[in-house]
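Chains as they are written, first to last, in my numbering: chain Y, 63 to 278; chain X, 15 to 595; chain H, 51 to 267.
By construction, these hints were calculated from the structure, which means they are not laboratory data. Since we're looking at a predicted model, the values are computed, not measured. Hints are supplied without guarantee of correctness; some may be wrong.
Calculated lysine to aspartate or glutamate pairs in the DMTMM-like style (CA-CA distance at most 20 Å, straight line) [to be verified]:
| hint | chain 1 | residue 1 | chain 2 | residue 2 |
| --- | --- | --- | --- | --- |
| 1 | Y | K77 | X | D405 |
| 2 | H | K77 | H | D61 |
| 3 | H | K154 | H | E117 |
| 4 | X | K401 | Y | D107 |
| 5 | X | K505 | X | D468 |
| 6 | Y | K257 | Y | E247 |
| 7 | X | K174 | Y | E181 |
| 8 | Y | K120 | X | E360 |
| 9 | H | K208 | Y | E247 |
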Amino acid sequence: MVGWEIIRGLGVTFKHFAETYFDDLKWLGKPRYSQERAAARSSLDSRGAFTVQYPEEKLVIPEEFRYIPFLIYDEGPDGEKIDRCTSCGICAKVCPPQCIWIVRTNDPVTGRPIPEPAEFYIDVDICMNCGLCAEFCPFDAIKMDHDFEIATTNRMATDIFDKQRLSQPASYYASIRPTNFAAEEKARREKEAAKAAAAAAKRPAPPAPGKGPVAG
Amino acid sequence: MTEQPIVESPAADLSAQYPDFLTPDSRPNFHGFVLAPERLLEFLKIARDELGYDYLSSVTGVDDYPEDRLEVVYHLYRTTGGPGLELKVFTGRQDPVVPSAVPLYPGADFQEREIWDMYGIHFSGHPDLRRILMWEGFAGFPMRKDWKEAYFEEEVKPFKNRWPGGRAVRVEDSNPFGNNVEYPAGFDPSQWTGESDDPVYDALRRSIIEEKSDLKTDQLIVNLGPQHPSTHGVFRMAVALDGETVIGLKPVMGYMHRNHEKIGERNTFLANMPFTDRLDYITSMSNNFGYALAVEKLMGIQPPERAEYIRVMMAELTRINSHLISTGFLLNDLGAFFTPVLYALEEREFILDIFEATAGSRMMCNYFRFGGLARDLPAGVFDEVKKFVTDRLPRKMEELETYLVKNEIIRARCEGVGVLTTEQAIGFSAAGPILRSSGVPYDVRRADPYSIYDRFAFDIPVRMNGDVYDRFLLRLDEIHQSIRILQQVVKQMPEGPIQTGKPQYTVRVPAGEAYGRVEGPKGELGFYVVSNGKQNPWRYHVRAPSFINLTGLAQMSLGQKVADVVIVLGSVDIVLGEVDR
Amino acid sequence: MSDELSSPGYDVPPEMQSHVTITRLDKIYNWSRRNSLWPMMFGLACCAIEMICTAASRYDFSRFGMEVMRPSPRQSDVMIVSGTVTKKMVPQIVRLYNQMPEPKYVIAMGACASGGGPFKEGYNVVSGVDKFVPVDVYIPGCPPTPQALLHGLITLQKKIDRESLSGVRWYQKAPIEPIPVPVLGPDLMDPRRYDQIFEYTHAPASPQPEGSAETPA
Chain Y
63 MVGWEIIRGL GVTFKHFAET YFDDLKWLGK PRYSQERAAA RSSLDSRGAF TVQYPEEKLV
123 IPEEFRYIPF LIYDEGPDGE KIDRCTSCGI CAKVCPPQCI WIVRTNDPVT GRPIPEPAEF
183 YIDVDICMNC GLCAEFCPFD AIKMDHDFEI ATTNRMATDI FDKQRLSQPA SYYASIRPTN
243 FAAEEKARRE KEAAKAAAAA AKRPAPPAPG KGPVAG
Chain X
15 MTEQPIVESP AADLSAQYPD FLTPDSRPNF HGFVLAPERL LEFLKIARDE LGYDYLSSVT
75 GVDDYPEDRL EVVYHLYRTT GGPGLELKVF TGRQDPVVPS AVPLYPGADF QEREIWDMYG
135 IHFSGHPDLR RILMWEGFAG FPMRKDWKEA YFEEEVKPFK NRWPGGRAVR VEDSNPFGNN
195 VEYPAGFDPS QWTGESDDPV YDALRRSIIE EKSDLKTDQL IVNLGPQHPS THGVFRMAVA
255 LDGETVIGLK PVMGYMHRNH EKIGERNTFL ANMPFTDRLD YITSMSNNFG YALAVEKLMG
315 IQPPERAEYI RVMMAELTRI NSHLISTGFL LNDLGAFFTP VLYALEEREF ILDIFEATAG
375 SRMMCNYFRF GGLARDLPAG VFDEVKKFVT DRLPRKMEEL ETYLVKNEII RARCEGVGVL
435 TTEQAIGFSA AGPILRSSGV PYDVRRADPY SIYDRFAFDI PVRMNGDVYD RFLLRLDEIH
495 QSIRILQQVV KQMPEGPIQT GKPQYTVRVP AGEAYGRVEG PKGELGFYVV SNGKQNPWRY
555 HVRAPSFINL TGLAQMSLGQ KVADVVIVLG SVDIVLGEVD R
Chain H
51 MSDELSSPGY DVPPEMQSHV TITRLDKIYN WSRRNSLWPM MFGLACCAIE MICTAASRYD
111 FSRFGMEVMR PSPRQSDVMI VSGTVTKKMV PQIVRLYNQM PEPKYVIAMG ACASGGGPFK
171 EGYNVVSGVD KFVPVDVYIP GCPPTPQALL HGLITLQKKI DRESLSGVRW YQKAPIEPIP
231 VPVLGPDLMD PRRYDQIFEY THAPASPQPE GSAETPA
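Here chain Y stands alone, though its shape is the one from the complex (with noise of 0.2 Å):
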């Protein structure tokens, strides 16, 4: 008959209008935007409606997603921020677009390099988001961010990212990125140790291993 497989599909269409419905009932009484409700409807196993409300409800971000770069920062023991960034140049080199700008800070006395950053520049309007600087930077210093809500309405103003702009403490790493930071800091503490006791091997009487980056 013409038209039988129309109707085959229509069926197929009213199945998926009824299945929200259904998976409706199943939230019953309970609050219209939670994250719990978000994440069932982009499982697996979701049937029926499958719109997260943003900006109600968030997506989950899972750990590796990437966004635009920024540096991480120690905090001592007194507040004060410690770089972890040694100025090396390495994402500089890396980076596919070119669109980060270092500035080495020199010894004013002697005029020789110190390992931290003077500047740091970031065009946010040229980053392609691909994460080799991240994925290449020795001292775990520079990685990449979750924060996606940067949307401005002048970008001369706001979208080259300096400095100051870039850093965040180790802290919110550990927050948006828990398996990969415990497993730098595992790596971390290894070689601290493996240092620490080759050192020892060396000479009796060592020196406590600093905390934070080794410059190098």
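Fit chains X and H to the given chain Y structure using the hints.
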């Protein structure tokens, strides 16, 4: 297709067989044969008719600056499978001329136009040699090594002013116009006769051959695009109509030409990886795959076992992703507004979730590295993939097929529309679903196996009619085969490292050339990379399947109604990032 | 609705509070406009796919009154420039912008449309659509995720909320001039700058800066 005797021809053999034509390319790590321009056509005829190299995969130019030499490189294959044949023709930089291969291989049409556009090599005998990506009147041939763009900073990256004294400057501030433009000396803008589409319309009128009609109808030219909802981006077709029937069609492209290859030759090898994501932005994992293969071929390294499995897994998920999109949007073009595409995109979101969790981005994955992968699968992702390909996706595909496949309206609109015969498909160098729906069982995964595809049981779906409906069905068939591969992958996935050697940001790529190709969702995706031993590729060319598949678009559309052009284009499934690069 | 609309500070008798809302004309005007922004169905590049995803079921921007994507500029309120703006395409974009009726808004979605993006150095790439048309909201990201686009759209809504009937340009006396459409010459030419181009190309004996199209190195 006639049965061709498969001549096993190692490189040295052919030049001994045809000493009058061929001399092997003697540069170390370079392959293929060099032949004189005037003997090119003669040998191409032999290659096609006697040696069975019926499929012209890629034609591209290379600039050997500062030597006074431009190259044209041809990659030929047999549709029956097996290794390819690489031919090279040299010509000088002043008024370079090479005979056109279009009479023998119509698929060379757009590619030769691109070489003319980018390198200024004139192809004698080409039926319609116009600029293809840039506009007529553009000053210079941009891919030549001595041509510099307006925002030129340095020959190669990394640029020196980024570190250690890198004050952020917007590059427009260093340009007198602040606008990424550069004009030749002595140019007077008020004397410019104006941007004109005349060359397009002239070419279109010339291409109209027959005018037979019983009705008295008017001929007119209609432009579809570049801003048109059904052109899948900024693509334009100048269509000549007789009444409502298409009598001529010229695709106009370049509205998305973002200089991928020029930028690619300034980039370091690794920095090109995220740029390949933006070629065909729906299938970034496949693009990564092709580029990684080409460079790995040059470097002579192999990724470890687990990385190979993950690569195949990602490539097949990408294929499903791309075919879902193309199926959905074909239905959109047919007028089934939004419901099918919403269903397709819903499943696609799950694939994107997997990509996001693994690679960090929904679309621009940047996941492959030379000799491995960027990172291992995070915890939980593997189970998600497993559940997706064994449970949800088969179920949803069944539903989608019930919904669409036999629908009478779809069949009435699609069957017998936009036919490409077997001979035409091979001639036009069509690839992927276009070629296979015209009855050619040619799939790089089987014809020239790469990675670990030879370990999996899967079929190459073939359909015989070559119309829109067959292309639509073929894509659904391919999704099923991909699910089959994925189910094997998740069963066999080994543990182990995911990277050969240490991850490095500067890779040592020895001098030489390599052509790596994969079967992307849109067809054969090839990367031709020439290295001179430095940090940057000397030549970086993409054999873009969407671009070359469009060569047959005019043929497919002739004689159809104007409304059908839209679905013919939809069934070709182009992505403008890859067409224009 | 009334919470969103009502202006505080007016004394509404308690028994009428559920029936009556006192508001300002600006507020109701902006409220109705910002909840019926029709975007133009206009995709350029990678970001267009994310724009389509935003329109699709998971993110569904019809929740903000934007479901009516119009393929014609004549019927649309907001142009989402979703992707790399090339020199070959920019005349068409300017033409489309001119064809849109007032009030009209432009969103530059993604790095490319905002400032050229990773392709900025390319010879066929315009470094930001704001070189030619005024942009209201910039969304960084390559590509911005659908949620980032939604955030951009909400930013635009907030911007509309701040507008006032007396200040908007489409109620001013002065006619709104269309933006001159750029011309494709040897390179992209802005008709407003012909004199400057002439001056530049006829500058006597001044050495052409590096990067000239004509002089090989």
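Verification of the hints:
Between K77/Y and D405/X the CA atoms are separated by roughly 19 Å; this keeps the pair inside 20 Å, and the hint holds. Distance restraint check for K77/H and D61/H: the Cα-Cα separation of roughly 18 Å lies within the 20 Å cut-off, and the hinted pair is therefore satisfied. The hinted pair formed by K154/H and E117/H meets the criterion: a straight-line CA distance of about 17 Å does not exceed 20 Å. Distance hint between K401/X and D107/Y is fulfilled; the C-alpha atoms sit about 10 Å from each other, no more than 20 Å.
Simply put, K505/X and D468/X have alpha-carbon atoms about 16 Å apart, close enough for the 20 Å limit, and the pair holds. The suggested pairing of K257/Y with E247/Y holds, with an alpha-carbon distance near 15 Å, which does not exceed 20 Å. For the suggested pair K174/X and E181/Y, the alpha carbons sit about 16 Å apart, so the restraint of at most 20 Å is met. The hinted pair formed by K120/Y and E360/X meets the criterion: a straight-line CA distance of about 17 Å does not exceed 20 Å.
Taking the CA atoms of K208/H and E247/Y, the gap is near 42 Å; set against the 20 Å cutoff, the hint is violated.
The structure is inconsistent with hint 9 alone, although it conforms to all the rest.
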